[in-house]
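Novice: Sequences are here, hints too, so could you generate the full structure?
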Amino acid sequence: MFRRTAFAALAAVAALALAGCGDGTPAASSPGNGSSTPALSGAVNVFAAASLTGTFTQLGKDFEAAHPGVKVTFNFAGSSALAQQIEQGAPADVFASAAPKNMDDVKDKGTPTNFVKNTLEIAVPKGNPGKITGIKDFADKNKKIAICAAQVPCGAAAAKVFTAVGITAQPDSLEQDVKAALTKVSLGEVDAALVYKTDVLSAKDKVEGIEFPESSKAVNEYPIATLSKAPNPDGAKAFVDYVLSDKGKAVLTAAGFDAP
Amino acid sequence: MTLYADVQVSRGSFDLALDLTVEPGEVVALLGPNGAGKTTALRAIAGLLAVDRGRIALDDTVWDEPPRTFRTPDRRPIGVVFQDYLLFNHLSCLENVAFGLRARGVEKQTARLEASRWLETVGLSEYARTRPRALSGGQAQRVALARALATDPELLLLDEPLAALDAGTTLHVRAELGQHLNRFEGHTLLVTHDPLDAMVLADRLVIIENGQVVQEGKPTEVAHRPRTDYVAQLVGLNLYRGDASGTAVRLPEGGTITLAEPATGPVHVAFPPTAVSLYVQPPSGSPRNTWPAVVTGIEQHAHTVRVRLDASPAGPADLLADITPAAVADLHLTPGQPLHTTLKATEVHTYPV
Amino acid sequence: MSRRGRSTSGRLPLVLLLPALLGLAFLLVPLVGLLIKAPWSTLPERLFSADVWQALRLSLVCATAATALCLLLGVPLAWLLARGGLPGRSVIRAFVTVPLVLPPVVGGVALLLVLGRRGLVGQHLDTWFGISLPFTPAGVVVAEAFVAMPFLVISVEGALRAADPRYEEAAATLGAGRWLTFRRVTLPSIAPGVVAGTVLCWARALGEFGATITFAGNFPGRTTTMPLAVYLALETDPDVAVVLSLVLLLVSVVVLASLRERWIGGLR
Chain A
1 MFRRTAFAAL
11 AAVAALALAG
21 CGDGTPAASS
31 PGNGSSTPAL
41 SGAVNVFAAA
51 SLTGTFTQLG
61 KDFEAAHPGV
71 KVTFNFAGSS
81 ALAQQIEQGA
91 PADVFASAAP
101 KNMDDVKDKG
111 TPTNFVKNTL
121 EIAVPKGNPG
131 KITGIKDFAD
141 KNKKIAICAA
151 QVPCGAAAAK
161 VFTAVGITAQ
171 PDSLEQDVKA
181 ALTKVSLGEV
191 DAALVYKTDV
201 LSAKDKVEGI
211 EFPESSKAVN
221 EYPIATLSKA
231 PNPDGAKAFV
241 DYVLSDKGKA
251 VLTAAGFDAP
Chain B
1 MTLYADVQVS
11 RGSFDLALDL
21 TVEPGEVVAL
31 LGPNGAGKTT
41 ALRAIAGLLA
51 VDRGRIALDD
61 TVWDEPPRTF
71 RTPDRRPIGV
81 VFQDYLLFNH
91 LSCLENVAFG
101 LRARGVEKQT
111 ARLEASRWLE
121 TVGLSEYART
131 RPRALSGGQA
141 QRVALARALA
151 TDPELLLLDE
161 PLAALDAGTT
171 LHVRAELGQH
181 LNRFEGHTLL
191 VTHDPLDAMV
201 LADRLVIIEN
211 GQVVQEGKPT
221 EVAHRPRTDY
231 VAQLVGLNLY
241 RGDASGTAVR
251 LPEGGTITLA
261 EPATGPVHVA
271 FPPTAVSLYV
281 QPPSGSPRNT
291 WPAVVTGIEQ
301 HAHTVRVRLD
311 ASPAGPADLL
321 ADITPAAVAD
331 LHLTPGQPLH
341 TTLKATEVHT
351 YPV
Chain C
1 MSRRGRSTSG
11 RLPLVLLLPA
21 LLGLAFLLVP
31 LVGLLIKAPW
41 STLPERLFSA
51 DVWQALRLSL
61 VCATAATALC
71 LLLGVPLAWL
81 LARGGLPGRS
91 VIRAFVTVPL
101 VLPPVVGGVA
111 LLLVLGRRGL
121 VGQHLDTWFG
131 ISLPFTPAGV
141 VVAEAFVAMP
151 FLVISVEGAL
161 RAADPRYEEA
171 AATLGAGRWL
181 TFRRVTLPSI
191 APGVVAGTVL
201 CWARALGEFG
211 ATITFAGNFP
221 GRTTTMPLAV
231 YLALETDPDV
241 AVVLSLVLLL
251 VSVVVLASLR
261 ERWIGGLR
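Chains as they are written, first to last, in the UniProt record's numbering: chain A, 1 to 260; chain B, 1 to 353; chain C, 1 to 268.
Note that these hints are calculated values from the structure, not bench results. Note that CB positions come from ideal geometry on N, CA and C, so glycine has one too. Among the clues, some could well be false.
[Said to hold, decoys possible] Label-pair distances were calculated between CB atoms; the ranges are: (1) C:221 <-> A:88: 28 to 34 Å; (2) B:131 <-> C:162: 45 to 51 Å; (3) C:158 <-> B:109: 34 to 40 Å; (4) A:89 <-> C:162: 43 to 49 Å; (5) B:176 <-> C:16: 46 to 52 Å; (6) C:16 <-> B:123: 47 to 53 Å; (7) C:36 <-> A:231: 43 to 49 Å.
[To be verified] Simulated crosslink set (DSSO-like; lysine-lysine; CA at most 30 Å straight-line): (8) A:160 <-> A:117; (9) C:37 <-> A:107; (10) A:141 <-> A:206; (11) A:143 <-> A:179; (12) C:37 <-> A:101; (13) A:204 <-> A:136.
[Claimed, not checked] A partial selection of chain C residues facing chain B, derived with a Cβ cut-off under 8 Å: (14) 101; (15) 163; (16) 165; (17) 169; (18) 173; (19) 176; (20) 188.
Specialist: Pasting the structure below:
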């Protein structure tokens, strides 16, 4: 018990120190222009939602190019799993979550900023063999349908959509994450699944997207924040700034994310 | 019906070529040293391995004739008693004996009845429910015999049936096995390396060495007229080849043996080790075969001591003598010790090569 | 040992005892962690929710069915490996163990590629017979059997290779054909190995997650087995996940312990 208290105290000191430093560093004033921040070095550990895998990998490379000597390492997984890992003391510098709720689960952090939002889209296999026309088909018992389980963010979003449309969905499977739902579509196992726009775009050679107006009822916000116990606070701050910079936004929107 | 077995099997550099017949009611013993090919022959006749060349048939029914005909063991009317019996440990003795009948389609109740009759025959009725693990060696052997005989086979194959028993029980079990074999009307082939088993149990001996038959005949005939060193040692005889001229047989490596009856030409000379006597001083008197000799080895047997001697140049270079332990003490026998040996001419048998 | 007072084998050597106890602790301490963290106060109400029993029943039924499927196919396969005299046997054996190495999720994808609605075999099953395995309990059984079968095959093959083939020869000389010999002689003699393999197989099937959720999907009452329920509960309410895990643990320990006692105890 003593040890935990001591650790928390240390963390608090570190957090204060981080806040104190952060205010004065030139990195904050010139986001995206890393060459003017000579202090950056070491590794930056970024814990990011699985749906950010493609874009953040790209951003990480760009960031490393802008800051020679800095190595960005990623841990991509479900947001809730990441939140738990961080709470259990995983050495993370930055957390980018696919839902505000998981961000809230993490206690010791800087102020989160919503950096993108993602809207749902109907994904159907190439050629639309199930002849899906719109969101109402999700209530059709004769269609093979996959949606995310209610426990994961994309499932919660899907539930909001169905309420807004006023239908009871008839899924054949409640997938454990959005990528699993997408896999079922790309293999043709289901006629349709409700996934994010970015996912449709990432599998565009196997999957077609069908937009629907009610998607605006369930917009998913992605918050990002530095962590108070970050082993590399300067690197953490610089990376978050880079994601929020115009360059970062360009990469994210190209992948189908909307600006917040 | 007669069993004809022309078994030819090649395994690497080892070649087995065995030609034998077994008549109904006859017990033939296949006798030979370890590695002679006895068990290979038995396995071929049982159908546990296929011959490379040759033919195995019971009268007109061919069991194995390459390249076309081969009957698997389950389609041959045989019963086998294996060296370590191979009783099924997950079945009771009764179920073991009934196994062959059940496998051959006999209805369960009938099979069990027949099996218990067989257990009674071998005197093990009270062990019907016992697992084989709990039996003594002799009992297990009898269950194995009952199991093999229960299916009323045409051919009974016994692979070293007494080898796994301790010396104390062997005598008793051997006698009992002999009685069962006497009663059995089918053909019996017994594989053994023990001459005593062969002599007691078999009507005819087939002796093989290195995959070849070296001698064949009735036990008494083989015992008195061994044709190779192995057979001679097996039956405990001194055996030599020489040239006879009158009552003297000249040995090729030198030395002479004197006979009671005259003979001519190349002959086998055989005499039991008990016919040889040992003396410290040169004996005087009647024995005509008297040779100075040197002790080369001493073996302790159950009731006698076998002494190996070198009697050259006057007599044979390798000579066996059986004497009593008391005599060993009297003579203070040690290897390398010079002695005098005598051989009674009346105990020497000769027969043409 | 303590009942007899004295042991004939002497004291246990410390070099063995120490790592043995460490090993035991290594396996048990995480379970103790689960027990300590379990929300005991709210346990009964969580336990008696219909979802838990639904998932548990499905788990038990599917794992048992998968084990039966593994026995049906795996024992003959083990026999073929041990006694078949196949050329390239070691290569085949290596392939048999592939599901052990393959991440189960990949195994699930592989199953979809073959048995899915558009899969190599699955598309014919669908068009000819109207059979579609994914998203059905049958799909759960297939996924679990795929992952669990190697455990059975390896155990049974080991037992077969250790068994003395001369007993089979003895049976043949008594007139038994190969099938009868296998049933009445081979199988009883390797029974302990088969039981051990079955236990491993069942346990593996019961805990199967990756291949199941990938191939059979996740729908309560149809394909949501306990491990899937645990995983999804972990997303929102770790307490529920702990409760579910404890139930799964308790049931499997009770089943395995009692079966072992009965099967192996009866054979000895």
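Novice: So, for every hint listed, does it hold in this structure?
Specialist: Do the hints match the structure? See the list:
no.	hint	result
1	C:221 <-> A:88: 28 to 34 Å	holds (33 Å)
2	B:131 <-> C:162: 45 to 51 Å	violated (20 Å)
3	C:158 <-> B:109: 34 to 40 Å	holds (38 Å)
4	A:89 <-> C:162: 43 to 49 Å	holds (48 Å)
5	B:176 <-> C:16: 46 to 52 Å	holds (50 Å)
6	C:16 <-> B:123: 47 to 53 Å	holds (49 Å)
7	C:36 <-> A:231: 43 to 49 Å	violated (30 Å)
8	A:160 <-> A:117	holds (16 Å)
9	C:37 <-> A:107	holds (20 Å)
10	A:141 <-> A:206	holds (24 Å)
11	A:143 <-> A:179	holds (20 Å)
12	C:37 <-> A:101	holds (23 Å)
13	A:204 <-> A:136	holds (23 Å)
14	101	violated (35 Å)
15	163	violated (11 Å)
16	165	violated (10 Å)
17	169	holds (5 Å)
18	173	holds (4 Å)
19	176	holds (4 Å)
20	188	holds (4 Å)
Comparing the model with each earlier hint shows violations of hints 2, 7, 14, 15, 16; every other hint is respected.
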